[in-house]
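Given next are the chains, with one letter for each unit.
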Amino acid sequence: MPKNNSKNKNRTKQPDHNYNDMSFQIRKFYYGDIPEDKAGGAIVSKQTANDWPLWEIFIRSKQGLDHKHVGSLHAADAQMAIENARDVYTRRMEGVSIWAVESKHIHASNPDEATSLYEPANDKIYRYPTFYDLPDEVGHM
Amino acid sequence: MRKIFFIDQGLRLQSPKVIRFFGSAKCYIHPLVFTKFVFMSVLINQEELFQDRVDNEIKIEPRDWMPDAYRKTLVRQISQHAHSEIVGMLPEGNWISRAPSLKRKAILLAKVQDEAGHGLYLYSAAETLGTSREQMINDLHSGKAKYSSIFNYPTLTWADIGAIGWLVDGAAILNQVMLCRTSYGPYARAMVRICKEESFHQRQGFDILLTLSRGTPAQKEMCQDAINRWWWPSMMMFGPRDSESTNSDQSMKWKIKRKSNDELRQNFVDMCAEQVKVLGMTLPDADLKWNEAEGKYDFGEIDWDEFWNVVKGNGPCNKQRLDARRKAWEEGEWVREAASAFAKKQQQKQKQDKAA
Numbered sequence: 001m002p003k004n005n006s007k008n009k010n011r012t013k014q015p016d017h018n019y020n021d022m023s024f025q026i027r028k029f030y031y032g033d034i035p036e037d038k039a040g041g042a043i044v045s046k047q048t049a050n051d052w053p054l055w056e057i058f059i060r061s062k063q064g065l066d067h068k069h070v071g072s073l074h075a076a077d078a079q080m081a082i083e084n085a086r087d088v089y090t091r092r093m094e095g096v097s098i099w100a101v102e103s104k105h106i107h108a109s110n111p112d113e114a115t116s117l118y119e120p121a122n123d124k125i126y127r128y129p130t131f132y133d134l135p136d137e138v139g140h141m
Numbered sequence: 142m143r144k145i146f147f148i149d150q151g152l153r154l155q156s157p158k159v160i161r162f163f164g165s166a167k168c169y170i171h172p173l174v175f176t177k178f179v180f181m182s183v184l185i186n187q188e189e190l191f192q193d194r195v196d197n198e199i200k201i202e203p204r205d206w207m208p209d210a211y212r213k214t215l216v217r218q219i220s221q222h223a224h225s226e227i228v229g230m231l232p233e234g235n236w237i238s239r240a241p242s243l244k245r246k247a248i249l250l251a252k253v254q255d256e257a258g259h260g261l262y263l264y265s266a267a268e269t270l271g272t273s274r275e276q277m278i279n280d281l282h283s284g285k286a287k288y289s290s291i292f293n294y295p296t297l298t299w300a301d302i303g304a305i306g307w308l309v310d311g312a313a314i315l316n317q318v319m320l321c322r323t324s325y326g327p328y329a330r331a332m333v334r335i336c337k338e339e340s341f342h343q344r345q346g347f348d349i350l351l352t353l354s355r356g357t358p359a360q361k362e363m364c365q366d367a368i369n370r371w372w373w374p375s376m377m378m379f380g381p382r383d384s385e386s387t388n389s390d391q392s393m394k395w396k397i398k399r400k401s402n403d404e405l406r407q408n409f410v411d412m413c414a415e416q417v418k419v420l421g422m423t424l425p426d427a428d429l430k431w432n433e434a435e436g437k438y439d440f441g442e443i444d445w446d447e448f449w450n451v452v453k454g455n456g457p458c459n460k461q462r463l464d465a466r467r468k469a470w471e472e473g474e475w476v477r478e479a480a481s482a483f484a485k486k487q488q489q490k491q492k493q494d495k496a497a
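One line per chain: the protein sequences are A and B, in this order.
Letter by letter, the first sequence follows residues 1 to 141 of the numbering used here.
Letter by letter, the second sequence follows residues 142 to 497 of the numbering used here.
Derived by calculation from the structure, the hints in this document are not laboratory data.
For glycine and all other residues, C-beta sits at the position ideal for the given N, C-alpha and C.
Do not take every clue at face value.
[Unchecked claim] Derived DMTMM-like pairs (lysine to aspartate or glutamate); straight-line CA-CA distance at most 25 Å: (1) K104/A to E202/B; (2) K62/A to E338/B; (3) K246/B to E338/B; (4) K490/B to D77/A.
[Claimed, not checked] Calculated Cβ distances over 10 Å to all of chain B for the following chain A residues: (5) F58; (6) K62; (7) I82; (8) G95; (9) I98; (10) H105; (11) N110; (12) P120; (13) V138.
So that you can see chain A by itself, here it is in the shape it has in the complex (with noise of 0.2 Å):
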């Protein structure tokens, strides 16, 4: 018995290698987007130690255009993350360029935020071609 308790006492001091016990809280960033929490309504979900963390996966589609977003995928390190979006987004050729970005990385803005943040454009007609009358001489311009 004394022997017993002793091996479990050194097992709690050093809680080493054993992934069974990495139970810390991770927040999650659903599509680069800050915790649902704050949102109200949201779903609350516990994250388990095996749980691979989320990727969002932004393809170029051909040379010359911009990466796009395709949506997210579970992987357990950047290599697998492109591996697995070469399965899941590129099967038909879709792709030359893949990158994979963990999702909680990415900073997104708020929606409720948004009527302020985006108000010092809002006044602004005259940042329109169609804001100036000219006369038709003018031609195209």
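Using the hints, position chain B against chain A.
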């Protein structure tokens, strides 16, 4: 603070109109008029604003405010849809090793891989609503979450793979084309992606049946037999009749669904009744008849007892399918663990290299 919050909401409501004003140019809105717009809508509550956006065909994105019930309905529907793609691999996987030629094997393999991809697009869309992958998988394995009942029927012959492609994928496409215009952005985008790939599935199925229908008498019989067995379960894929569908009204109002079960089912019948003629086969419905006056096919009654029975878990393969999923999950546990451990080790190595 509170006031600013409401003003924000108000502007969001008005924004399409405001943009239209600005877009048509030449008219400059005086700030005071603008403010009036804002205060007009201050009194409207969140839910009405949400509905207003939906009515105006503005897509809802993950971080936008949405009613709890909308979120729950979507999680339920999208995860069910994802599970259906994943479980749907099982009846077809049954035939990969037995497909009649190398070409057919390669095609079927590609199709089954597509289904896995479709499942992933959908899980990814559902996760934007705040549910976790693990939760969804757990719900599937515990039997709490449903998947399409069609996959609880067995694939007994090679012709069944053809019938699945033509009828089951054909029915799914009608539903999915409608869902490309669903109100929730990530779901709609996943659907667009899926629809692009799905027509290959239907065509390859029809191709299998067409080949059989031009073959020996035994092959022809096999073809007709598969159609006979898959027709009614495919008709059931559209769900209960509109009069008995509990979720339909609200889903239509929220524009999650855009066509009713009965509407889609009618489209399906009209489509298949013509295509079956190309095969020189028949659909197993004595009441199937062209209705000249209404410009559509009349068809017989679905066996609703069978429908509810399979939904409740008493179909021919319900247990077998879930057992197969659970087994795959449990036997894959060590792979998931090993990959996590490897990733962790690599990270530590990188840290050490940096420190050194």
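message: So, against the hints stated earlier in the document, which numbers end up violated here?
response: Failing hint: just 11.
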